[in-house]
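Novice: Take the sequences, apply the hints, and build the full model.
The listed protein sequences correspond, in order, to chains A and B.
The first sequence lines up with residues 558 to 833 when you count with my numbering.
The second sequence lines up with residues 11 to 327 when you count with my numbering.
Misleading hints may appear alongside valid ones.
As the list claims (entries may be wrong) - DSSO-like cross-link-like pairs, simulated, lysine-lysine; straight-line CA separation at most 27 Å:
| no. | chain 1 | residue 1 | chain 2 | residue 2 |
| --- | --- | --- | --- | --- |
| 1 | B | LYS288 | B | LYS231 |
| 2 | A | LYS560 | B | LYS103 |
| 3 | A | LYS654 | B | LYS13 |
| 4 | B | LYS103 | B | LYS205 |
| 5 | A | LYS559 | B | LYS103 |
| 6 | B | LYS288 | A | LYS560 |
| 7 | B | LYS14 | A | LYS654 |
| 8 | B | LYS105 | B | LYS205 |
| 9 | A | LYS559 | B | LYS105 |
| 10 | A | LYS559 | B | LYS205 |
| 11 | B | LYS64 | B | LYS231 |
| 12 | B | LYS205 | A | LYS560 |
If you're looking for bench data, these hints aren't it; they were derived computationally from the structure.
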Amino acid sequence: MKKALQYLVLTFLALQALGPFLWLLSTALKGPGENIFAYPPQFIPAHLTLDNFFSVWHKVPMPWFFINSIVVTLLTIFFNITLSVLAAYPLARMRFKGQNTIFFSILATMMIPFQVLMIPLYLICLKLNLTDSGGLINAWLGLVLPFAVSGFGIFFVRQAMVTLPRELEESAVLDGCNSWQILWHILLPLIRPTLATLAVFAFMATWGEFLWPSIILSDPQHFTLPVGLVQLQSAFSADWKLIAAGTLLSMVPMLVFFFALQRYFVSGATSGAVKG
Amino acid sequence: MFKKRTPYLYLILPGLFMLGFFFLPLIMAFRISLSDYSHDIYHPAFVGLGNYLKLAHTAPFWNAMQNTFLFLVGVVPAMMVLPIFLALLLNGKLKGLAIFRSLIYIPVVISMVVVGIAWRWLYADDGLINWLLSLFHQPKVGWLVNPDIALYSVMIVIVWKGMAYYMMMYLAHLQSLSQELYEAAEIDGANLWQKHWHVTLPHLRPTMVMVAIISTIGSLKVFTEIYVMTRGGPVGATKTLVYYIYERAFENLDLGIASAAGIILMLILLAFSLLEMKFSPKDEIKDTPPKAGKSFPGGKSVALPTEPLKQEVGSAL
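Specialist: Rendered as structure tokens:
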């Protein structure tokens with residue numbers, strides 16, 4: 558009895574979390590003749606159809622939104638991991654002059670909100686022609702480069718590297734390894750879970766990012782999904798079936814990614830929260 | 011063990027990116043905030059603290075500050091309390107609990123733009139929520155079009171989206187709470203409510219402080235949800251500080267004023283970040299691995315917050 562009640566509450570909670578998306582789904586699946594504003598609402602469409610999905614795919618450059626989002630996200634993940642590892646390695650495993658200063662300057666960047674950097678960054682990107690007036694590749698670079706490295710990423714990888722035992726390197730040096738070989742063959746395989754978590758963070762942050770792309774993009778062919786969806790919303794403001802279909806399509810990659818890599822998502826919320 | 015220049019070689023590339031995309035723009039932001047761009051955007055004039063003084067007399071800026079503050083007051087307590095109930099419900103050994111946890115976590119991972127669109131549809135005049143109200147014979151509410159209500163409607167969406175994230179933080183902590191404490195409380199005759207009040211809550215207090223600070227920082231940066239749902243309207247009722255900065259900079263091209271407002275935002279955030287460091291559980295940074303007995307370069311060990319991870323993710327919500 559108590560268990561049944563518990564499941565009832567849990568089902569309600571799951572429904573409130575999914576409800577808004579399910580309602581979008583119901584709207585997107587409705588046929589051309591159906592009134593989406595009907596009172597009472599029609600939860601199960603009377604004329605099930607996938608037409609809205611096909612038509613949104615053709616009416617706006619949806620395929621481009623996907624390509625741009627995927628390319629930009631993958632590049633951002635790649636840069637973040639590479640640069641974080643490069644910076645974290647000497648900070649965690651070597652000693653050199655200025656180490657403390659460099660480390661703390663990197664930490665300090667975590668406190669600077671993007672909102673104060675975006676204006677100068679926009680001017681910098683204009684100067685370097687990294688907006689979409691320079692073409693697709695430049696637009697991609699303009700979306701990626703300002704987020705290529707983050708103080709957080711460096712800090713995160715450093716913390717993982719610092720805990721590895723010193724003997725690893727000592728024996729490798731005796732075997733004649735240079736610093737690059739130590740990093741590539743010994744350290745990196747050991748911190749793979751950390752890198753996976755970092756990749757998930759970068760994915761989440763980049764995939765949903767709206768502010769910066771909306772600033773530097775103006776050509777719909779260069780839009781990422783969030784910018785494209787906002788434009789879809791204003792261009793077809795009356796056609797909610799179309800908006801709902803486009804919005805749902807954009808959710809698919811994130812949902813797939815989430816269910817495939819769940820444990821890395823949740824580790825973001827919990828790591829550091831439990832001591833010992 | 012390595013050549014003297016080796017560490018620097020590794021740092022060159024990340025260092026260049028850091029300089030070009032963090033430190034240079036930061037310095038530029040200060041300089042821009044001291045210049046007047048409103049007359050001729052190509053030839054800004056140096057005005058000292060003029061932009062800051064002008065902001066102090068600008069009504070829309072104070073309106074944005076006020077909205078941002080209202081946001082904090084509304085969102086932060088909700089984020090501190092509601093997820094505790096969620097966490098208590100999702101803690102335990104019930105079959106299938108993991109699936110429920112994942113489902114409830116979905117709003118966290120879906121992008122803000124998608125969430126904003128989904129909720130605009132729910133909030134529509136003839137939308138689902140007004141229909142639900144009509145079942146209880148309530149009149150329609152202009153969720154996003156009534157200036158007195160719009161800000162609260164946006165808050166609801168933000169709490170709805172972020173709740174499960176903070177729930178995970180609480181959950182992680184709950185799982186470290188030993189059952190014996192509850193059993194002891196039961197022996198002392200505590201009922202369910204007393205058990206949670208006297209055992210659970212004190213245990214979660216440090217997490218609550220963290221949640222308060224992280225959600226404060228997140229609320230101060232609110233933008234996308236507002237852009238998607240209301241564009242700052244109706245009549246400026248949902249314009250927040252970041253929205254004000256965006257509008258000034260990229261719609262009015264008044265870069266000086268926008269940067270000054272940005273610097274003010276940064277200072278406010280800085281205050282909260284310092285507060286966060288003060289309250290977060292300290293973790294002695296582990297020695298750079300070298301030989302035993304030698305400490306961190308410089309000889310002092312440093313204490314750092316272990317929480318930037320959560321702030322990073324939390325403020326992105």
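Novice: Against the structure, test the hints numbered earlier, and report the numbers of the ones violated in rising order.
Specialist: Those not satisfied come down to hint 6.
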